[in-house]
Amino acid sequence: MRRRYIAAIPHVVWMAVFVVVPLILVVFYAFTSATGGLTLENFRNMGSYMSVFARSLWLAFLATIICLLIGYPLSYVLSKEGPGMQRIFIMLIMLPMWINFLLRTYAWMSILENTGLINRLLTSLGIFDLINRIFNTNITYIPMINTQGAVVLGMVYNYLPFMVLPIYSVIVKIDSSLIEAAQDLGAGSMTVFKRIIFPLSLPGVLSGITMVFVPAVSTFIISKLLGGGTSILLGDLIEMQFLGNAYNPHLGSAISLIMMIIIMICMFVMNRFGEGEEQAVIM
Amino acid sequence: MKRLVSLVLVLALTAAVLLSGCAKKQEQKVVNVYNWGENIDESIFKIFEKQTGIKVNYTTYESNEQLYAVLKMGGTNYDVIIPSDYMISRLIEEGMLEKLDFNNIPNFDNIDERYKNLEYDPANEYSVPYTWGVVGLIYNTSMIDDEITSWGALFDPKYSGQILQFDNSRDAMATALFHLGYSVNTTDEAELNEAYELLVQQKTILQGYVMDQIYDKLEGGEAAIGPYYAGDALLMMENNPDLAFVVPEEGTNLFVDAMCIPKGAVNKENAELFINFMCDTDIALKNMAVTCYATPVRTAYEALDEETRSNEIMFPKDDVLNRCQIYKNLPQETLNLYDQLWVKLKS
Amino acid sequence: MKKPSIFGRLLMALVFIFLYAPIAVLIVFSFNSSKSRTVWTGFTFDWYLKLFQDTTIMNSLYVTLLVSLLAAVIATVAGTIAAVGIYNMKRSHRNAVLALNNIPVINADIITGVSMSLLFISAASVLAKLSLAFSQLLGVNINLSFSLGFGTLLIAHITFNVPYVILSVLPKLRQLDNNLFEAAQDLGATWWQAFYKVIIPEIRPGIVNGLIIAFTMSIDDFVISYFTAGRVQTLSMTIYAMTKKRITPEINALSTLLFTAVLLMLIIINIRQASQEKKLRKTRIRSTGIIKYSKI
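Residue numbers (this note's numbering), protein chains in the order written: chain A, 11 to 293; chain B, 7 to 353; chain C, 3 to 298.
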């Protein structure tokens, strides 16, 4: 009877074969060359991809911050609605996820293009004519597609729900008697937020940040569709080495490995930061 | 509880039904064809299936380089692939193609002698030509007033934000090499680096790197100019009469795409039947009407009406052909350099 | 509780416009009579009719549904069993297994996909060499090798689904009264009866939740399938291939149908839940569960 843990053994074996071994293979590929020998060659040229690393991290960082700035107040506002409304709003936030994300991103292309819906709307409203007459310029469209801004927009659009849901689910669970107690003790709404709601919602914020940052830093679709292929991200760089235009799985593995390490470091730092905060609250 | 059990049961049943459907399908004879996007009339698959009982599983790739990556990566089971000349010789050199059994491809006799025993497959053991054509510039005459005659237009800041470029290393580098007046088969590092620098400059005025997305961008007036293949150009011009196609004066690339069988193909005989089928006069004609690419099938060419035959985009005249260069496979070092420069350019 | 401020309402309105603008575009242009994505040329139902004759789309829809169903059911059964095992482990072992379990949850999809494809390809080439050696040795034709396809796709989906099921079942096990199981056995139930009749009903919400999450994750996945499916195409992969040229409005039509179906389903669930809750006179807010579960 005490040996019920046996039930987990098949799972452990499965995960070892299909998760751990593949990761070991990535490491192996990263340190070998096409001819088979051990080498550090794959890492030697990593410097020339610095711009991609920097761009990916920067855009993912921007997207995460924007998601947080929109997602946190939204979750907070949602949690103040009545239970029925809350359920409907949460449903509305999740519903778009049932439409294929490639399609939703592609639809943004139709909206943002030079001859897209926004520019058509502005043209038909005569905005461009007006501007051209006032400033004596000659614009016929606002360039929005194929910019880094469009890529960040695509990230925010796709991953915003991943920020809202964990934060919301934490805020909703905050015991209202805690807040009432604080108010009875004379705390203003600002103080209540600063001393109670925000610290208690931190776990949700942290998991939201990871859930947005990780897919954002590794995406290769959004940059392809909305970035025009002129400012590629880490995901594109990896994809290119495996199934794309510059076959080299060894280099691809090396880049994957470094990306994995970066993600791990980010999460480690953030968890540390999170723990510190929680302790401070308890004290 | 009951509901959970019934839910699982329903799911399992559906799965079982679906699976059995799947199992039935697997008994069928198949041929797995892997081709360029927008490069075949898919309705002919039904004719092939009716004639031979073989079902065509059809998927597409974007560029020769991507095809190479997928094959090299392994674990796939394609039976027919349609790479271009230089890629065929690379695949032959690396032992990645099967020799064809021409006894199964009697229609090979229909192929024009001009397209047999070409440099990429000198003894013509591995490939059967499928299409041929040239690369040129496609531009929107309602957006560009000047007459375009040179590759230089792709690097002209005047058209900033309106220019598209190939999203594969060989074709993109070639546009720069042509403009600089170098051979597209150069192995000279300095020349290649110069071409690379030109592409880096071009990147600042570029709207994007595209392959078949160019259809959407040019037809819709989203971009004004870009380089692409003649057959596709004709298709685009059908949809947007403002578009024009020009072969630049510096010369251009003449390509032949040919059908091959990758090493270890499971359905080799079916593949040969399919290749034979594609060389049939009527099928070649039908296919050509959809893809707009010139066919190397002589009997089909002879059956064309005078108007089509005099289409200079589809069948360029000798003065154009004399300006053309054919891509050759490059030595491994140069290929590595191409990959490095390409990744650097894109990042 | 205070009512939300005007600012709050405005924020909500803006976010929902942002979330639904592209979806509205998709739906509207599924009725457009031309293939244009930005110019309205007239109303038609044609794309909905053509959709059902398009074998590429229909095949990939079939592959997607099949792999998602199978992967979700298998992952739910396997994940529930594993969760029971993990729950009964010593703390140190449990933490180690949970860390292992979390790898595919936390890791970037592209790395999961790439690493698995490396595994499958290496395994295939090793098997190919082995079968060649055996064939030569025994003089008969043996082929043990495989190529990327439905099988590898299914394995990949099960692998990334199971951790979510475990994460969804474990908390329910923790809420369980430890003595329940023993009590059932004391009353004469066998191990299996006790598990099936006592434990399962108690953790059912977790299991159902896990099933739904697994199914959703599978349906929605593109990146991992892209690297592990080989020649087989899921709906996402077909759509991806189409983005390389132009997406046919048939796909818009398909999405509109799926969207409407899910919307109806959610509305029905909500109405039922609301009425049940009224009966219970309790305002429990249950997470509807269709979320990518919180990453630890």
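Think of the hints as simulated: they come from the structure by calculation, not from any bench.
Please note: incorrect hints may appear among the correct ones.
Straight-line Cα separation of at most 20 Å, EDC-like style, residue types lysine to aspartate or glutamate; simulated pairs [claimed, not checked]:
hint : chain 1 : residue 1 : chain 2 : residue 2
1    : B       : Lys274    : B       : Asp107
2    : B       : Lys164    : B       : Glu104
3    : B       : Lys122    : B       : Asp151
4    : B       : Lys56     : C       : Glu279
5    : C       : Lys246    : B       : Glu203
6    : C       : Lys52     : B       : Asp47
7    : A       : Lys183    : C       : Asp48
8    : B       : Lys350    : A       : Glu51
9    : C       : Lys131    : B       : Glu100
10   : C       : Lys37     : C       : Asp48
11   : C       : Lys52     : B       : Asp118
12   : C       : Lys247    : B       : Glu68
Residues of chain B placed beyond 10 Å of chain A at every Cβ, according to the derived structure [said to hold, decoys possible]:
hint : residue
13   : Lys52
14   : Lys61
15   : Glu71
16   : Val76
17   : Arg120
18   : Gly167
19   : Ser175
20   : Glu228
21   : Gln346
Where a beta carbon is used, it is the ideal one built from N, C-alpha and C, also for glycine.
Now for the hints, and whether the structure bears them out:
This hinted pair checks out: lysine 274/B and aspartate 107/B have alpha carbons roughly 9 Å apart, not beyond 20 Å. Of the pairs offered as hints, the one joining lysine 164/B and glutamate 104/B is violated, with about 49 Å between alpha carbons and a cut-off of 20 Å exceeded. As the CA atoms of lysine 122/B and aspartate 151/B are separated by approximately 42 Å, the hinted pair breaks the 20 Å bound. Under the criterion of a C-alpha separation no larger than 20 Å, the hint pairing lysine 56/B with glutamate 279/C is inconsistent with the structure, at around 60 Å.
For the given pair, lysine 246/C sits about 27 Å from glutamate 203/B by alpha-carbon distance, which is inconsistent with the 20 Å threshold. Our distance criterion of 20 Å between C-alpha atoms is met by lysine 52/C and aspartate 47/B, whose separation comes to about 17 Å. Restraint check for lysine 183/A and aspartate 48/C: the C-alpha separation of about 49 Å exceeds 20 Å, so the hint is violated. About 16 Å separates the Cα atoms of lysine 350/B and glutamate 51/A, which keeps this hinted pair within 20 Å; it holds.
Proposed proximity of lysine 131/C and glutamate 100/B is supported: the alpha carbons are some 18 Å apart, at most 20 Å. For a cut-off of 20 Å, the pair hint linking lysine 37/C to aspartate 48/C stands: about 11 Å separates their Cα positions. At roughly 39 Å between alpha-carbon atoms, lysine 52/C and aspartate 118/B are farther apart than 20 Å, so this suggested pair is violated. Between lysine 247/C and glutamate 68/B the CA atoms are separated by roughly 10 Å; this keeps the pair inside 20 Å, and the hint holds.
For lysine 52/B, the requirement that its beta carbon stay farther than 10 Å from each beta carbon of chain A is met, with the minimum near 28 Å. Every beta carbon of chain A lies more than 10 Å from that of lysine 61/B, the smallest distance being close to 25 Å; the non-interface claim holds. Consistency note on glutamate 71/B: stated as away from chain A, yet its beta-carbon is not over 10 Å from all of that chain's, at 4 Å minimum. Distance check on valine 76/B: its Cβ comes as close as 6 Å (rounded) to a Cβ of chain A, failing to clear the 10 Å threshold; non-interface status is violated.
Every CB of chain A is more than 10 Å from the CB of arginine 120/B (nearest about 31 Å), matching its label as outside the interface. The Cβ of glycine 167/B sits about 6 Å from the closest Cβ of chain A, inside the 10 Å cut-off, so the non-interface label is violated. With 10 Å as the threshold on Cβ separation, the claim that serine 175/B sits away from chain A is violated: the shortest Cβ distance comes to roughly 6 Å. Residue placement check: glutamate 228/B does not keep its beta carbon more than 10 Å from all beta carbons of chain A (closest about 5 Å).
Its closest Cβ contact with chain A, about 8 Å, brings glutamine 346/B to no more than 10 Å, contrary to its assignment away from the interface.
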